[in-house]
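All chains should be modelled from the sequences, with the hints used to inform the complete structure.
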Amino acid sequence: MERVFGVGIFDPKLGGDPVLFQHFFWFYSHPAVYIMILPAMGIVSELITTYSKKTIFGYTAIAFSSIGIAAVSFFVWGHHMFVSGQSELAGVLFSFITMLVGVPTAIKMFNWLATLYKGSIEFRAPMLFALGFLFLFAIGGVTGIILAVTAVDVHFHDTYFVVAHFHYVMVGGTLMAIMGGFYHWFPKMFGKMYNDVTARISWVFIFVGFNVTFFPQFILGAKGMPRRYFDYIPEYENLNKISTIGSWLIGIGFLFGLYTIIRGLTSGEKAPPNPWGAKTLEWQTESPPTMHNFDHDPIVTAGPYEYK
Amino acid sequence: MAGKNNHHNNGSENHHESEVHITPLSTYLKVAVALFVLTFLTVTAHIYESHYVTMAPFIAFGIAAIKAFLVMAWFMHLKYEEPSNRLIFSMGFLFLAVLFAFCVIDIFTRVPQGTIL
Amino acid sequence: MINGVEVASHFRDVNHQYASNKEGIWLFMVTEILMFGGLFVGYIINHTIYPEVFAEGASYLDWHMGFVNTLVLIFSSLTMALGIYFNQISKPKWATWSLAITVLCGAIFMVIKYFEYTHKFHLGIFPGRMINPERMAEEGHPMQHANLGLYFGFYYCMTGLHGLHVLIGMGLITWVMIRNIRGEFSPKYYTPIEGIGIFWHIVDLIWIFLFPLLYLVG
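Residue numbers (this note's numbering), protein chains in the order written: chain A, 762 to 1069; chain B, 198 to 314; chain C, 2 to 219.
These aren't lab readings, by the way, just hints derived from the structure by calculation. Some hints could be false.
Lysine-lysine pairs mimicking DSS-like chemistry, simulated, CA-CA at most 27 Å apart [as the list claims (entries may be wrong)]: (1) K189(C) to K23(C); (2) K1040(A) to K814(A); (3) K121(C) to K774(A); (4) K814(A) to K879(A); (5) K189(C) to K276(B); (6) K276(B) to K92(C); (7) K1031(A) to K814(A); (8) K276(B) to K227(B); (9) K23(C) to K227(B); (10) K953(A) to K1040(A); (11) K94(C) to K23(C); (12) K94(C) to K227(B); (13) K189(C) to K121(C); (14) K949(A) to K814(A); (15) K276(B) to K23(C); (16) K1031(A) to K949(A); (17) K1040(A) to K879(A); (18) K121(C) to K23(C); (19) K1002(A) to K984(A); (20) K92(C) to K227(B); (21) K879(A) to K953(A).
If you anchor each label on the Cβ, the simulated ranges turn out as follows [unchecked claim]: (22) E135(C) to R764(A): 21 to 31 Å; (23) L291(B) to D919(A): 27 to 37 Å; (24) M860(A) to S281(B): 25 to 35 Å; (25) K1002(A) to P134(C): 52 to 62 Å; (26) F782(A) to G184(C): 47 to 57 Å; (27) G184(C) to T821(A): 48 to 58 Å; (28) F266(B) to G846(A): 31 to 41 Å; (29) V308(B) to V965(A): 46 to 56 Å; (30) I882(A) to V308(B): 51 to 61 Å; (31) I313(B) to P779(A): 48 to 58 Å.
Just so it is clear, CB atoms sit at the ideal spot from N, CA and C, and this is done for glycine as well.
Written out as structure tokens, the structure reads:
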């Protein structure tokens, strides 16, 4: 409406305010990315507990932290707008609240780490993805806190530092968790086992490739390379080349993953109801589940993730 | 399949009739009359607006808020709804208030700045 | 089926299904409030920054027509609520008439809106940068403020979006009215009418705020 019909709500020529548009845009879009990470964190809880055969540490804290992250995330949208021309006061407020969101997030991360402690860890592919999540999301998260510092953001805004940050949280976080969850529930969904060796090889390439691709981008951003440019000065060339090679590694990793999945679907061995010895309810029925999921009502004797 | 449903059918369907609150016709009519009266009041306030120009937007908004409350409580049945539905619906307004508050904080604390160059 | 009402297999019983359906409807209404509310926020902010521009814009609005439209919509809210009420007390024919009157009120609203819009187009008043100052001067209403288009950007977006919802609501009410005529509802089952009723009340609610904010505050 605004562009085609020139409605003018945000048009400076008509007295409108483009920053107001940014407020409207990010008011939705920022919570949206937290919506993306929260289910992934739920998956991580499942994977960490199953593959370390250990009761989750601080279930209540983890649960309330999810709510805490969601709640705080609705108040931080202005951290995308530090250099947009919004007032200093608004900048200060948004910066402060953004740093607050690190608290519940950190609670979750530490609780997962504590869950691993003295667990009986199996380095199956899903666990590798979960561990990858812990490492990569930590980097992504702390670089987010770096960006939350308004003075620093003035330099890093619209550079590759931001690109690296959100790829670490999105790919290193959400995607890792999704891949781990996919392999974890593969037998349950399709009734067939996948080959763990090829899945692990896939993980190695994805993990290494991801870091080779995106870590140099932190450096590029700090050195000043802007986002959304198709070309760059020669000083940035070497790091860009390294980054590109990393992307090929990721590609190989996903090809291995695709192979694993197709192989599993076509000729995987039949999956038992509970190949991982997990405690949650979906594993107490057939793989894949029958028409109404449970032929016999499951008897629940413990909380989720209670392994001992 | 029918067997599955009977298993869950614990005879609570009778609760539905006795639980559901049916607003009496007289209540609906009273609310409607109140809404009409308030609308006339809004317009009357507008006609005499020149006497209290500064308060005009607040009075108009205030009357609108009362009308909105009447519609929500009785026409939309929120007075007799589950508390969780009241909470859910009020969340919409709360977040709107958040958006409004932060935008206002931003726009009205801007300081015109000359360039530092 | 439990007690004459179809219950989907993932619900425990009728109550569970009914409660879930209502909650879903309320969640949807939150999105509607946020969508219109965003426009209101923009309006209020710009109104505070440019009070004279908004006063000039409001002078082109005929509050008599807005007033009639408000009464029409409030009345339609009543008949919508009655459409549910009559089904609750097993008077489906009365319910059908109530729903029909609701649609009729919606139509009256849109007709009045049509006259308002066409009159403005005639004067050269269009949204945003499409506003036509030459035309306005020709018609004897020269534009006092250069950014009057901002006000009318809001006016057309807000009333246009609202009008669209009135049309959608009319369509949905017609649909449940037809289902009602076919006898698909009873005192035990009228959830679709309730859901659409809540939607229609939201439409009324929006107008209750639109009317004073656009027509009366100037």
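Next item on the list: Could you tell me which of the numbered hints above are not met by this structure, giving the numbers in increasing order?
Entry: Hint check: 13, 18, 21 and 31 fail, others pass.
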